[in-house]
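Number of protein chains: 2
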Amino acid sequence: MLERFKVPKKDEVRVPIESLQEVIRAVFEKMGNSESDAIEASEVLAMTDLRGVETHGVSNMLRAYVSQYTSGQVNPTPNWRIERETPGTAVINADKGLGVVLGRRAMDIAIEKARNVGMGIVTMNNGAHLGAVGHFSMYAAQHDMVGMCATSAGRGVLPTFGAEGRFGTNPISIAAPANKEAPLLFDAATSQIAGNKFSLARRVGSDLLPGWISDEEGNPIMEETPVPGGEGVNYGSLLPMGGTRENGSHKGYGFLMIVDILCAFMSGSVPSVFDEEYFESGYKHYFAAYNIASFTDVDAFKNNMDQMLRTLRETPPEPGSERVLYPGLAEYEEEQDRRANGTPLHTEVIGWFEEICNELDIPHLQTM
Amino acid sequence: MLERFKVPKKDEVRVPIESLQEVIRAVFEKMGNSESDAIEASEVLAMTDLRGVETHGVSNMLRAYVSQYTSGQVNPTPNWRIERETPGTAVINADKGLGVVLGRRAMDIAIEKARNVGMGIVTMNNGAHLGAVGHFSMYAAQHDMVGMCATSAGRGVLPTFGAEGRFGTNPISIAAPANKEAPLLFDAATSQIAGNKFSLARRVGSDLLPGWISDEEGNPIMEETPVPGGEGVNYGSLLPMGGTRENGSHKGYGFLMIVDILCAFMSGSVPSVFDEEYFESGYKHYFAAYNIASFTDVDAFKNNMDQMLRTLRETPPEPGSERVLYPGLAEYEEEQDRRANGTPLHTEVIGWFEEICNELDIPHLQTM
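Chains as they are written, first to last, in this note's numbering: chain L, 889 to 1256; chain D, 889 to 1256.
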């Protein structure tokens, strides 16, 4: 994550992961989730914050989930069911259950199918927010699979040359295991930036960079610009990955489509741009597990991954850059630091926790 | 394709597709291919030019293939074989056979598996160039599948922050059928531009745009720059999709990795960056077929695709843009035009055809 999105030292309060997880669990139980579902959600969200994926951790998402459970948009006791199934595939209707809670169950089905026929694909329709898609890819990687996961919802992202949003930020992820190196974990929106980056930038007082968003007419804004929502910001939509056509936004547009096909069309649902009412068709998700042993020797695969990840890590950097990372390395390092030294939350987020713990009458978040 | 890469009207000669296909077929037979393999290659390459994908049509690739067959790098009579197989997956050793010739056979296997278990994945190691990956995705779409295809080879693309190339241009594609609209077909390198864009730009005398390539030290070149190979061009490597870190090159880097994992690691091979000698591990490919009927109703899927593609096509354009395209629409329109009016080739390419037809003693290319 770029420095501009991180919590400034002066505003950070560190909290121990055990306490954070306890509070998340208590919040989910108060929202009507069963104990086991609440534990599941607390593990997913805490892990996301441990990895430093603050866009999708507690700072932004926990209050969103509380609001969605409270309004009835999300169902805390979903009667989720398999609608269509083959030996290698399944389509699940999530009954408006939160993806954070149901995602691992979908990936478990994909993993079982992959063990049987080499490959498992599970799609989910009529769902709610999934959290960080990388979490579920990583879960598959922990089972000697290559995991992929994606999610689709919303209509705030432009197609190339367009003036009206047609896509969600449509993130996609992959994870693959190694032996000695930290696993590969890539997770990114196929728009220029994730929508949640707005909340982070607003909280820490950063501007957005050129080529990230468009104005109301669809023109890419090619200078630094304040976060939309503030006064005098002529904001239209997010731009596809790439930003401008010259810089490859038609590729971002194609990847936005890939995610819509895998998630919305292949779950027998429709993309959000068809919805007459907000959230009508829900969030749509995609889970894939490739059983490595069906393709090659698992040890050889992991040793090759080690060599690849080391080769990337040891690549000479361009002038002015300290080192080359690989996807997942910074997240792994962050996790070690945060397990030892606590997770940094912004004072504004700490304030929200104070309020919600009072309101729900649950034990307060400890700080370090 | 940006205007800057197209053959200028003054330099173009139109040729009828039937004649082009006949010449390609004769060339492949002279290179030692069987008649059926030569026909297959001629269909793939002619279709690529019909769609206007000039980077991967005859202009650049036919002479490359001739040179590779002549040097023995590519095997015209490969003994390709399945090395590992499950009901949903197969790994093929291509025995250095050209992907252009073998690609459809791999996708045929993926399609059959998808009919049986919902999903078929075929990877191919020890291969040679695949041509345009979109061709094979489209082939699957013609069988009521969602098709995906990718290929990995080379080491000319930087990781973010890096100063030495670690990846090929690693293109990936998807295709999905519709009822009334032209099918969706997306095919793009996960580097900023395909390597073959160099040859096109050089042939038509265009410069490259800011943020597409780096200098020798790995610094992104942020102004227009002549094509590398010319005098005084300090060229290092291609940049990942996105270009700079601020503009999202870490996402391009992640997609480069996705393609390497699907193609190289999942075919039991290694990425080119491990090769001690050029082309040692060959090209590695990935073919995926998703049986739409295993996920949802095929008619409903195609009708939803129609609605989506129409919605994109009818999106109001940003100021200064004529219209919004969807991936595959321009290619479809190009195909109609070129079938009727011939395929435009640069005079330099026509000259090469003159020479090779003389040299191989085969009938000459007709012009219109």
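The reader is advised that the hints may include incorrect statements.
Unchecked claim - With a straight-line Cα cutoff of 25 Å, these simulated DMTMM-like cross-link-like pairs (lysine to aspartate or glutamate) come out:
{"no.": "1", "chain 1": "D", "residue 1": "Lys1190", "chain 2": "L", "residue 2": "Glu1134"}
{"no.": "2", "chain 1": "L", "residue 1": "Lys1190", "chain 2": "D", "residue 2": "Glu1243"}
{"no.": "3", "chain 1": "D", "residue 1": "Lys984", "chain 2": "D", "residue 2": "Glu971"}
{"no.": "4", "chain 1": "D", "residue 1": "Lys897", "chain 2": "L", "residue 2": "Glu1134"}
{"no.": "5", "chain 1": "L", "residue 1": "Lys1068", "chain 2": "D", "residue 2": "Glu1164"}
{"no.": "6", "chain 1": "D", "residue 1": "Lys894", "chain 2": "L", "residue 2": "Glu1134"}
{"no.": "7", "chain 1": "D", "residue 1": "Lys1190", "chain 2": "L", "residue 2": "Glu1168"}
{"no.": "8", "chain 1": "D", "residue 1": "Lys1068", "chain 2": "D", "residue 2": "Glu1236"}
{"no.": "9", "chain 1": "D", "residue 1": "Lys1068", "chain 2": "L", "residue 2": "Glu906"}
{"no.": "10", "chain 1": "L", "residue 1": "Lys1068", "chain 2": "D", "residue 2": "Glu1210"}
{"no.": "11", "chain 1": "D", "residue 1": "Lys1190", "chain 2": "L", "residue 2": "Glu1164"}
{"no.": "12", "chain 1": "L", "residue 1": "Lys1190", "chain 2": "D", "residue 2": "Glu973"}
{"no.": "13", "chain 1": "L", "residue 1": "Lys984", "chain 2": "D", "residue 2": "Glu1210"}
{"no.": "14", "chain 1": "L", "residue 1": "Lys918", "chain 2": "L", "residue 2": "Glu906"}
{"no.": "15", "chain 1": "D", "residue 1": "Lys1190", "chain 2": "D", "residue 2": "Glu906"}
{"no.": "16", "chain 1": "L", "residue 1": "Lys1190", "chain 2": "D", "residue 2": "Glu906"}
{"no.": "17", "chain 1": "D", "residue 1": "Lys894", "chain 2": "D", "residue 2": "Glu1052"}
{"no.": "18", "chain 1": "D", "residue 1": "Lys1190", "chain 2": "L", "residue 2": "Asp1163"}
{"no.": "19", "chain 1": "D", "residue 1": "Lys918", "chain 2": "D", "residue 2": "Glu1164"}
{"no.": "20", "chain 1": "D", "residue 1": "Lys1190", "chain 2": "L", "residue 2": "Glu906"}
{"no.": "21", "chain 1": "L", "residue 1": "Lys1190", "chain 2": "D", "residue 2": "Glu1236"}
{"no.": "22", "chain 1": "D", "residue 1": "Lys1190", "chain 2": "L", "residue 2": "Glu1052"}
{"no.": "23", "chain 1": "D", "residue 1": "Lys918", "chain 2": "D", "residue 2": "Glu906"}
{"no.": "24", "chain 1": "D", "residue 1": "Lys898", "chain 2": "D", "residue 2": "Asp1185"}
{"no.": "25", "chain 1": "L", "residue 1": "Lys1068", "chain 2": "D", "residue 2": "Glu1000"}
Simulated from the structure, these hints should not be mistaken for lab results.
- Could you tell me which of the numbered hints above are not met by this structure, giving the numbers in increasing order? 1, 2, 8, 9, 10, 13, 15, 16, 17, 19, 20, 21, 24 and 25
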